[in-house]
Amino acid sequence: MAAKTARTGKSSRAGSRPSDSLTAEQLTDMYTKMNHIRAFEEKVAYFFSRGMIHGTTHLYIGEEATAVGALAPLSDKDLITSTHRGHGHTISKGIDLNRMMAELLGRSNGYCKGKGGSMHIADLSRGNLGANGIVGGGIPIAVGAALTLKMRKQDQVVVSFFGDGALNEGSFHESVNLASVWDLPVVFVCEDNQYGMSMSRHKSINLDDLADRAKAYGIPGKTIDGQNVFEVYDAMVEAIDQAKKTGPVLLVSETYRYMGHSKSDANRYRTKEEINEWKKRDPIAILRAEILRRGTADEKTLDGIEAQTREDIEAAVRFAEEAGEPDVNDIINDVYA
Amino acid sequence: MSSAKQKDGAATGVREITYAEAIREAMSEEMRKSDDVFLMGEDVGVYGGAFGVSVGMVDEFGEDRVRDTPISEAVIVGAATGAAVTGMRPIAEIQFSDFITIGMDQLVNQAAKIRYMFGGAANVPMVIRAPAGSGTGAAAQHSSSMEAWYTHVPGLKVVTPSSPYDAKGLLKSAIADPNPVVFLEQKLLYRVKGPVPEEEYTIPLSSSEVKREGDAVTVVTWGRMVNRCLEVADELSREGIEMEVVDPRTLMPLDEGPIVASAKKTGRVLIVHEAVQTGGYGGEIAARIADSEAFYYLDAPIKRLGALDVPVPYNPVLEANVVPTHEKITAAVRELVQ
Ligand SMILES: Cc1ncc(C[n+]2csc(CCOP(=O)(O)OP(=O)(O)O)c2C)c(N)n1
Ligand SMILES: [Mg+2]
Numbered sequence: 000m001a002a003k004t005a006r007t008g009k010s011s012r013a014g015s016r017p018s019d020s021l022t023a024e025q026l027t028d029m030y031t032k033m034n035h036i037r038a039f040e041e042k043v044a045y046f047f048s049r050g051m052i053h054g055t056t057h058l059y060i061g062e063e064a065t066a067v068g069a070l071a072p073l074s075d076k077d078l079i080t081s082t083h084r085g086h087g088h089t090i091s092k093g094i095d096l097n098r099m100m101a102e103l104l105g106r107s108n109g110y111c112k113g114k115g116g117s118m119h120i121a122d123l124s125r126g127n128l129g130a131n132g133i134v135g136g137g138i139p140i141a142v143g144a145a146l147t148l149k150m151r152k153q154d155q156v157v158v159s160f161f162g163d164g165a166l167n168e169g170s171f172h173e174s175v176n177l178a179s180v181w182d183l184p185v186v187f188v189c190e191d192n193q194y195g196m197s198m199s200r201h202k203s204i205n206l207d208d209l210a211d212r213a214k215a216y217g218i219p220g221k222t223i224d225g226q227n228v229f230e231v232y233d234a235m236v237e238a239i240d241q242a243k244k245t246g247p248v249l250l251v252s253e254t255y256r257y258m259g260h261s262k263s264d265a266n267r268y269r270t271k272e273e274i275n276e277w278k279k280r281d282p283i284a285i286l287r288a289e290i291l292r293r294g295t296a297d298e299k300t301l302d303g304i305e306a307q308t309r310e311d312i313e314a315a316v317r318f319a320e321e322a323g324e325p326d327v328n329d330i331i332n333d334v335y336a
Numbered sequence: 000m001s002s003a004k005q006k007d008g009a010a011t012g013v014r015e016i017t018y019a020e021a022i023r024e025a026m027s028e029e030m031r032k033s034d035d036v037f038l039m040g041e042d043v044g045v046y047g048g049a050f051g052v053s054v055g056m057v058d059e060f061g062e063d064r065v066r067d068t069p070i071s072e073a074v075i076v077g078a079a080t081g082a083a084v085t086g087m088r089p090i091a092e093i094q095f096s097d098f099i100t101i102g103m104d105q106l107v108n109q110a111a112k113i114r115y116m117f118g119g120a121a122n123v124p125m126v127i128r129a130p131a132g133s134g135t136g137a138a139a140q141h142s143s144s145m146e147a148w149y150t151h152v153p154g155l156k157v158v159t160p161s162s163p164y165d166a167k168g169l170l171k172s173a174i175a176d177p178n179p180v181v182f183l184e185q186k187l188l189y190r191v192k193g194p195v196p197e198e199e200y201t202i203p204l205s206s207s208e209v210k211r212e213g214d215a216v217t218v219v220t221w222g223r224m225v226n227r228c229l230e231v232a233d234e235l236s237r238e239g240i241e242m243e244v245v246d247p248r249t250l251m252p253l254d255e256g257p258i259v260a261s262a263k264k265t266g267r268v269l270i271v272h273e274a275v276q277t278g279g280y281g282g283e284i285a286a287r288i289a290d291s292e293a294f295y296y297l298d299a300p301i302k303r304l305g306a307l308d309v310p311v312p313y314n315p316v317l318e319a320n321v322v323p324t325h326e327k328i329t330a331a332v333r334e335l336v337q
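From first to last, the protein sequence lines are chains X and G.
Oh and the first sequence: position 145 is 144 in numbering that gives the first Met the number 0, straight run, nothing missing.
Oh and the second sequence: position 272 is 271 in numbering that gives the first Met the number 0, straight run, nothing missing.
Hint data in this document are derived by calculation from the structure and do not stem from the laboratory.
Don't take each hint at face value.
Said to hold, decoys possible - Covered, in the sense of this in silico footprint (three residues per stretch, anywhere, with C-beta under 8 Å from a C-beta of chain G), are these stretches of chain X:
| id | region |
| --- | --- |
| 1 | 132-138 |
| 2 | 190-197 |
| 3 | 201-209 |
Stated by the list, open to error - If we take Cβ atoms under 10 Å as the criterion, some of the chain G residues that face chain X in the derived model are:
| id | residue |
| --- | --- |
| 4 | 69 |
| 5 | 115 |
| 6 | 117 |
C-beta atoms are modelled at their ideal positions from N, C-alpha and C, and glycine is treated no differently.
From just these sequences and the hints, can you work out the full model?
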């Protein structure tokens, strides 16, 4: 199956898009984050291939524009819930890369003291309510967080990320319905990377446009090109505004994961051609080309950013490696408050 | 792993296959015999299951009988229930046993109770297969051992095989059983090989087995902990401490005869399981022994050794120390026989 060009939303009318007025600094920040995500992931992939990281991991390479575009319009006070494929969301929301790498390496100075690992990184101080090992597990939590905002009359929003596979969990349906009838400020962001593990979303869902799911709950839904960070950003600016004023919105970001589902994946369910087709629309390359077109940064500056992000990841590895393994006596702590 | 005194239960001159292969063989043989038997679950088709258990099955049986489902555990368990009530014999794989909780209403309130609520008028012949246990670094939401939850639900059978031989023979019986069976596989055993005969055999559910004979202490254990206890037994044997290791294999309904007999024989009992200790099935086994005539033969209090009462942590050192370690089991046995 060839890569499908995603429908573009209404807001892409030339001239009137919020992304047209992104500052040079904002564009650089987006570029830095996307490169941080990719460099982080490449390092993690390397560690896994060498057996240096325990457990499993789900890489986000290829999907960077969704996390970065969706979270760029947020303030520090806004909240997110993430997924098993959460490194991108976490880095986009703002994170201490050192403590994040330390957590993947299971160190005592990691975000979760080595107790959580890749699938459970959270940073409550930055509004990140956590990655999640349960498909669909974060969606109801996002609804609850939005309930807090509404009951306390706080002018903030919750962004809940989940995959196309999660659209078939009861937790998705119950959550969107409740958020709809209670007018809660949530933006539901479905990252449609075309597969839930090995299952094509065309086999798991009988809809061409996944955003049609929104209709069933009486909320706005829109499908966007998830490889184009500007389109994601524009849709998100509009969605946040709607979420705060009238209640939840569903965005479906059409994207693709370049790597296997997790550590063990023989890619039996898709073709090399399909993967290569999608790689032609790489989200980092698209952003880079647009920055150069706008002239807010030159090639040399962008190359410098790339090199720096890789250095930041190396520094994070050094930070992690300097710390020890957690103390075995710490096992029993943190179960109860 | 195999001990001189260990009874592997297998016939002579048999090949060695893995636990995963044994499970695949059991499913395939039953599917060849009856069109009513089919497999469904997340990624069981071309992917072959998250742990490769069903690799190749879709090639033999086709997508109709090896069904990839959406990620929807409630309806996987519920559809198995509905298909079973209407005459099929579904095998539903839940990718990690932790996610059975999402199908728990269908399992507990529907599958388990339908027969009784209908006054015995219905059968629910289904198997829920799911990998349990820690040790893979998958952290708290992918590593639980929750067998005790299901044993607390009348109407469900609960099976916990510890070897390829047991896995195959018990799964065939589970598929043939007219009741809902929760068949808990062990992630860390999937690649472990053991003797399995070529010719067909079954092992009846509710048949505890003495895996190793001894006279000093009875160790009742199941799942991944069986091999670990057998290793400890080999070591302590060199010091003249002979452990008797009993594997219930089916926790519900429990065949308590061999357990009680062993407790009478040794007078000392240690129960070892990977699930957290509090509320674990070890408590039920201890109570069964205490309630039986074996009570009068006991020379020491019955001891339990389960996991610490915490979710499973990610770091490999912490993770390894949550469950009963070789050292902890050894120490517990020594203390009991002193
Ligand atoms: C409740 C639950 N069911 C199954 C799994 C196993 N699993 C982990 S990720 C995944 C696929 C998820 O697909 P999708 O939601 O599309 O996210 P993606 O991995 O594509 O980012 C599956 C089946 C799980 N973690 N939780
Ligand atoms: Mg997906």
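Against the structure, the hints come out as follows:
1. Counting residues of the region 132-138 of chain X whose CB falls under 8 Å from any CB of chain G gives 5; the rule of at least 3 is met.
2. A stretch counts as covered by a chain when three or more of its residues have a beta carbon under 8 Å from one of that chain; for the region 190-197 of chain X and chain G the count is 3, and the coverage holds.
3. Check result for the region 201-209 of chain X against chain G: holds, 3 residues qualifying (beta carbon to beta carbon below 8 Å, three or more required).
4. Among the interface hints, the one on residue 69/G holds; its C-beta lies about 4 Å from the nearest C-beta in chain X, closer than the 10 Å criterion.
5. Residue-level restraint check for residue 115/G is violated (minimum Cβ-Cβ distance to chain X is 26 Å; threshold 10 Å).
6. The restraint placing residue 117/G at the interface with chain X is violated, with a minimum CB-CB distance near 26 Å, outside the 10 Å limit.
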